[in-house]
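Protein chains in written order, with our numbering: chain A, 817 to 948; chain B, 817 to 948; chain C, 817 to 948.
To be clear, the hints were calculated from the coordinates, so they are not data collected in a lab.
Incorrect hints may have been included.
[Claimed, not checked] Derived coverage of chain B by chain C (criterion: at least 3 residues anywhere in the stretch with Cβ under 8 Å from a Cβ of chain C; other residues may be distant):
hint, stretch
1, 840-847
2, 864-873
3, 890-904
[Unchecked claim] Pairwise CB distance ranges (calculated):
hint, chain 1, residue 1, chain 2, residue 2, range
4, C, Ile820, B, Lys818, 42 to 50 Å
5, A, Ala868, C, Pro885, 16 to 24 Å
6, C, Glu847, B, Pro935, 30 to 38 Å
7, C, Arg874, A, Lys842, 25 to 33 Å
8, A, Asp889, B, Lys939, 39 to 47 Å
Cβ atoms here follow ideal geometry from the backbone N, Cα and C, with glycine treated the same way.
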Amino acid sequence: MKTINLNTSTRTELLEITSLVQNTIKEEGVEEGVCYLYVPHTTAGLTINENADPTVMRDILTSLNSLIPFDGDYRHLEGNSAAHIKASLMGFSLNLLIQRGKLVLGTWQGIFFCEFDGPRSRKLHIEIIIKQ
Amino acid sequence: MKTINLNTSTRTELLEITSLVQNTIKEEGVEEGVCYLYVPHTTAGLTINENADPTVMRDILTSLNSLIPFDGDYRHLEGNSAAHIKASLMGFSLNLLIQRGKLVLGTWQGIFFCEFDGPRSRKLHIEIIIKQ
Amino acid sequence: MKTINLNTSTRTELLEITSLVQNTIKEEGVEEGVCYLYVPHTTAGLTINENADPTVMRDILTSLNSLIPFDGDYRHLEGNSAAHIKASLMGFSLNLLIQRGKLVLGTWQGIFFCEFDGPRSRKLHIEIIIKQ
């Protein structure tokens with residue numbers, strides 16, 4: 817398992833990590849298998865979506881921030897309940913397939929670390945199960 | 817890894833793919849393991865839910881379409897931002913368990929390809945890790 | 817694969833199962849690998865979130881119940897459409913990493929069974945793929 821440090825720069829942000837994950841797979845020399853990404857936080861998550869047009873990321877964040885407003889009928893005193901809820905909606909892990917040493921991604925797909933309570937220093941775990 | 821072509825027939829649709837996945841497992845002759853489903857798109861996803869009463873699928877789609885309206889405060893010019901958001905909410909991959917050559921599913925569970933920007937030709941990747 | 821019985825006590829509930837999963841890994845004696853949790857139901861799911869302050873769980877449930885009201889424009893006659901929708905939003909499976917015999921979890925992370933149509937008797941499947 818490899819752990820990577822990430823730094824986010826705003827309160828909510830979709831930080832693309834596609835190259836970072838691809839480079840890790842290349843370094844490990846894995847040809848075929850499954851790659852697990854895991855976020856060990858409770859106010860950040862992971863998703864996949866379009867990485868070509870940044871307005872898609874903007875629309876995803878705006879929509880999530882509208883559905884789950886920063887200030888709502890929350891009891892948690894730290895003031896970041898919205899971030900906890902959004903993280904559970906996106907999820908904390910992703911599985912990706914590896915073929916011929918490369919991530920199997922669709923033409924428009926990128927992998928994104930979802931910051932919902934930034935800016936912060938974050939961690940991402942990467943584990944690979946080699947197909948035999 | 818096997819790739820299957822799917823055709824969806826409406827703008828938003830939950831297309832059941834349970835038999836298709838089960839048949840792939842049978843063809844591969846896998847007895848015990850984990851089955852990964854992966855959608856290489858950014859406006860379609862995967863979920864599990866009840867396949868007995870079609871009103872459940874209707875209620876899921878109606879509710880998602882109401883939470884994330886087709887026309888909203890979106891900047892992405894292709895007009896399908898809602899589809900991108902719904903896909904991230906459902907997720908692009910599923911893990912299923914295989915026991916004695918069969919998918920481990922609950923009595924009422926079916927596997928659904930979630931079309932959010934159809935009708936279209938789509939792809940689904942299926943990978944199986946055999947338990948040793 | 818191991819199946820564990822759970823009992824929920826209210827209509828919507830986040831039931832912490834972290835120790836239960838950790839104990840299963842210890843019993844199996846697994847040092848390194850991936851742990852799959854799977855819920856074979858259509859009105860319950862799984863998530864990860866903060867287990868230190870119970871108001872976080874309360875805020876997650878309150879927010880989900882507000883976004884997807886119990887009574888809405890639903891056609892499914894069993895009256896639990898909201899539970900089906902919430903389960904698809906949270907998801908039915910989780911992957912967790914195992915290192916040195918322990919679940920890899922963040923400092924504040926707990927694993928939660930999400931009951932959306934309780935109280936009920938429920939099942940949880942646990943499968944482990946050992947890393948070789």
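Hints, verified against the model:
1. Only when three residues or more bring their CB closer than 8 Å to a CB of chain C does the claim for the stretch 840-847 of chain B stand; here the count is 0, and the claim is violated.
2. Under the rule that three or more residues need a Cβ within less than 8 Å of chain C, the assignment of the stretch 864-873 of chain B holds, with 6 such residues.
3. Coverage of the stretch 890-904 of chain B by chain C is violated [criterion: at least 3 residues with CB-CB distance below 8 Å; count 0].
4. The beta-carbon spacing between C/Ile820 and B/Lys818, approximately 32 Å, falls outside the hinted interval of 42 to 50 Å.
5. A hinted range of 16 to 24 Å for the beta carbons of A/Ala868 and C/Pro885 is inconsistent with their spacing of about 36 Å.
6. Remark: the range hint 30 to 38 Å for C/Glu847 to B/Pro935 is contradicted by a beta-carbon distance near 49 Å.
7. For the pair C/Arg874 and A/Lys842, the beta carbons lie near 44 Å from each other, so the given range of 25 to 33 Å is not met.
8. At roughly 42 Å, the beta carbons of A/Asp889 and B/Lys939 sit within the given window of 39 to 47 Å.
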